[in-house]
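As you go down the protein sequences, you meet chains C and G in turn. Residues 1 to 567 (our numbering) make up the first sequence, in order. Residues 1001 to 1159 (our numbering) make up the second sequence, in order.
Don't read these hints as lab results, they were simulated from the structure. Just so you know, these numbers come straight off a predicted model, no measurement behind them. Where a beta carbon is used, it is the ideal one built from N, C-alpha and C, also for glycine. Take the hints with a grain of salt, since some may be wrong.
[Unchecked claim] Example chain C residues on the side facing chain G (calculated, C-beta under 7 angstroms, incomplete):
hint	residue
1	P122
2	H126
3	G181
4	Y182
5	V185
6	P187
7	A304
8	A305
[Claimed, not checked] Simulated crosslink set (SDA-like; lysine to any residue; CA at most 20 angstroms straight-line):
hint	chain 1	residue 1	chain 2	residue 2
9	G	K1059	C	L318
10	G	K1066	C	W508
11	C	K309	G	R1054
12	C	K309	G	Q1062
13	C	K287	C	P550
14	C	K294	C	A316
15	G	K1012	C	G107
16	G	K1130	G	P1080
17	C	K294	C	A197
18	G	K1066	C	M88
19	G	K1066	C	L318
20	G	K1059	C	D281
21	G	K1059	C	G107
22	G	K1066	C	G319
23	G	K1066	C	G150
24	G	K1066	C	R148
25	G	K1066	C	L121
26	C	K14	C	A139
27	G	K1059	C	V171
28	G	K1066	C	K287
29	G	K1066	C	A139
30	C	K287	C	Q323
31	G	K1059	C	P122
32	C	K458	C	I41
33	C	K381	C	A197
34	G	K1012	C	P180
35	C	K309	G	T1055
36	G	K1059	C	G319
37	G	K1066	C	I41
38	C	K458	C	E434
39	G	K1066	C	L179
40	C	K458	C	R506
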Amino acid sequence: MRRTGAQIVWEMLKYEGVDVVFGHPGGAILSTYQARQEYGIRHILVRHEQAAAHAADGYARASGRVGVAMATSGPGATNLVTGIATAMMDSVPIVCITGQVPTSLIGSDAFQETDITGITLPITKHNYLVTDVADLAYAIHEAFYIARSGRPGPVLIDLPKDVQTAETDFVPPEGEVRLPGYRPVGPGDPEAVRRAAELINAAQRPVILAGHGILMSGAMEALRAFAEKTDTPVALTLLGKGAFPESHPLSLGMMGMHGEAYVNMAIQEADLLLAFGMRFDDRVTGKLEAYAPKSRKVHVDIDAAELNKNVPVDVAILGDVRQVLEQLLPLVEPASHQAWREEIEGWRADTRARDILNRPENGRLLAPHVIRAIWEATEGKAIVVTDVGQHQMWTAQYYALDWAYPFITSGGLGTMGFGLPAAIGAQIARPDHEVWAILGDGGFQMTLQELATVFQEKLPIRIALINNSYLGMVRQWQELFFDRRYESTHLLNPDFVRLAEAYGIRAWRATCRDEAQQIIAEARRHEGPVLLEFQVAEEGEEGTVYPMVPAGAALHEMLRRPVVQSS
Amino acid sequence: MERTLIALVEDKPGVLNRVASLFRRRAFNIESLTVGHTEQPGISRMTIVVDSNRTDAQKVAQNLYKLVNVIHVEDVTERPAVMRDLALIKVRANGQTRAEVLQIVETFRARVVDVALDTLMIEVTGTEEKVNGLVEVLRPFGIVEMVRTGRVAMLRGTA
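Let the hints inform the model, and build the full structure from the sequences given.
See the structure below:
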């Protein structure tokens, strides 16, 4: 079959099972856009290319498939960069296709030329500049394979304009991808697994640290079976939310900088840490020299470069975490750690006493009230997408997940502006599922132009805007560590209700708890997209995320929310 | 201490850039890096020397494996291997000093590859210590120009 490069792009996207592409057209990618209609693949027109990458990312996390973003050369391509870096840090499989100036002009500083393969070298798992149309089909095939296999990540394909218009004989690639240097790992080394099992069988105070890898390898059932058999409490990373049901008696919840105190105490007091599909990010460990000093450590990860990178471990197992858990399960003995769990429960009781939700009503609306009200209204079953900042941490703390849904959030890169476009991708991946985008007023304004995309595509996303008129997390640092000098963090905001209405989106505002519950209920009765603005406490103890491990402090040196003295 | 890694990589445009970019991004300190063709078409070979006091060679290897185009990485530091560096040294040698320089060249089993009125170009192959030694004894004569390839390495025997 004779096909142009442009046609091959869509042929191959169909071949890879792609049904939707997020993108923005422009000169150098126009030939490819013009060929789309013959192939019936849906295109979501975003208003800024950054949103295309984030939407592809949200789509991938919500569906478990590869998300696809498309942009033109030059500024179109550079606008993808933040989205690509976000996907790289969180190991999300996306494929980005960019137009490029014709091969004859590459290197000449032509109009809208930029070296996007050079720019994205350190933030992609791999990338391609395809200079011969004969190589195109196979490059796309490879790109999808690399994006989704092993430790997933973003792959970029740069397509010069003349490659899109050139013709070739198109033959769909057959069989396995041939990459001599690329060998995704499977099961772990049996000897290492055996040594891990010995440590597990000898442990008295074990804790599991479950990360994003559990969700990506589909190890939720294996993790649960392992935790129950060995009676081991499970702490989650931010991206690990969903890996283990949070209402399970063995669930501890989120660890790290804003993890609950009893979780971090358990880690610091453990005699064995079992790190499954996580990477000991600094937000998880706090000061490395003082991290979990009493414990032996077992680390299972799919990426060899993560083993012994931040935390030296006793047993490092390179492998797919689901397969390693299945190897471990028959080697571990049924155990009961009653005393250890009771000790943790004691710490947990102290956390409950400090919980801001357990305080008497004082008329003020706090962000945790809003998150909990959304959780109650949705019975914890919504797909939740967040932006980055205080609301993100409160959502992680108060939107408990009992389902193996991903909690869609920018963890590694901490990309403000991620939430709304990622929610677009998630809603398109799961059209029948209730999707909530929980955003802060700062991050929302970095990509709020995507309200137009939400409206145009009639996506029933429910946007909860947690408005405290500050860049709240930065303000919190200023309050705690810079003597309340609020340098460049106060936001003089627009009227968000009228703003949403200008985009054709129904909107409500709440300033107290009753109103918050009412508008959440009302929004859930409404079919189209909605925006709910919650005006919450701006500062002070009620506007601060607790607990907090200050940057550079050890995990047990948390700042705790004071206990309210009952009068 | 120095550690020597051999990496086999796909001979494709941009691969050297990927490797260099990785070293820069991870703040790896590289003492030397050489690249060349191998007996297999489509495969290039890199010899990478790192100062293990500053950079963990195992981390370098693990990160190299993250690059799709890297086929195989081996740390040959503790294996029986031949390691060589090649240098071209242009040294001042006039009528009075020429004989002395030639004698040094002979002692080091080096070769003179170009002769001019007041300089000699010397080619020397060997371990870096040997090349360093030659450089030191030639320095008093006046080194005009020098180029070194950096270390290349190959395991001994059939393995």
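Hints that the structure is at odds with (numbers, increasing):
5, 6, 10, 21, 27, 28, 30, 33, 37
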